[in-house]
Every structure is written in structure tokens, then in C-alpha cells.
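Numbering of the sequence shown is given in UniProt numbering, commencing with residue 1 and proceeding in unit increments.
Just so you know, the hints here were simulated from the structure itself, not pulled from any lab data. In this text the structure is predicted, and so the values were computed from the model without any measurement. Cβ coordinates follow ideal geometry from the N, Cα and C atoms, glycine included. Some hints here could point you the wrong way.
Unchecked claim - Taking lysine-lysine and the BS3-like style, the derived pairs with C-alpha atoms no more than 27 Å apart in a straight line are: (1) K60 to K30; (2) K42 to K69; (3) K25 to K60; (4) K48 to K82; (5) K42 to K82; (6) K48 to K69; (7) K86 to K48; (8) K82 to K69; (9) K60 to K42; (10) K48 to K60; (11) K42 to K86; (12) K25 to K48.
Claimed, not checked - Label pairs and their computed distance ranges (CB to CB): (13) Q21 to R83: 30 to 36 Å; (14) S6 to K42: 45 to 51 Å; (15) T4 to K42: 35 to 41 Å.
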Amino acid sequence: MIATLSTCAQLERDNISFRLQSGRKRYIEKGGKLGRNVGSVKTAEQMKAEYREVISLLRKGYSIRDVAKLSGRGVSTVQRVKRLIKVQSPQ
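Could you put the whole structure together from the sequences, leaning on the hints where they help?
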């Protein structure tokens with residue numbers, strides 16, 4: 001009984017996967033595009049220009065949370081900028 005239900009569930013998952021793949025393929029054939037919009041990912045230079053205040057506070061030695069509060073940015077954004085400046089200028 002359980003084996004039968006398991007097999008039915010697997011068949012249903014396979015059907016769903018097939019329908020999704022065929023729908024995506026049809027969408028692309030009609031000219032649709034999948035993925036991020038062009039230009040939505042910022043380059044390192046664009047990020048440096050946009051987050052100058054964050055970079056300045058980080059270089060002064062402020063903690064990530066303090067920088068986030070002082071600059072009005074999110075903690076994740078500050079962490080991303082910190083990683084960027086570490087990669088750009090390894091010591």
C-alpha cells in the first residue's frame with residue numbers, strides 16, 4: 001500500500017517537472033527571457049560609488065552593526081560591501 005502511494009507520488013513529481021520544463025521551453029521559444037534583468041547586478045565600481053559612506057565608516061574601524069545604523073543601510077549590505085573592499089585591496 002505504502003509502496004503504491006510512493007510510486008504515485010513519484011510519478012506526480014515527474015509530471016510536474018515535465019510540465020515546468022516544457023512551459024519554460026515554450027516561453028523561451030516565444031522570445032521570453034529567464035533570469036535577472038540586464039543591468040540589475042552592480043559592478044564593483046558602481047558599488048564603491050554608491051556606498052562611499054559605508055566604506056569610509058568601515059575603514060575607520062566601526063563595527064558592521066554600527067555602520068548599518070549610522071548609514072541607514074542593512075547589515076547584509078554592509079557585509080557585502082566589506083567583502084568587496086577586502087577582495088579589492090588584500091593586505
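Run through the hints listed earlier and report the numbers of any the structure violates, in increasing order. Violated hints (numbers, rising): 1, 3, 12, 15; every other hint is consistent with the structure.
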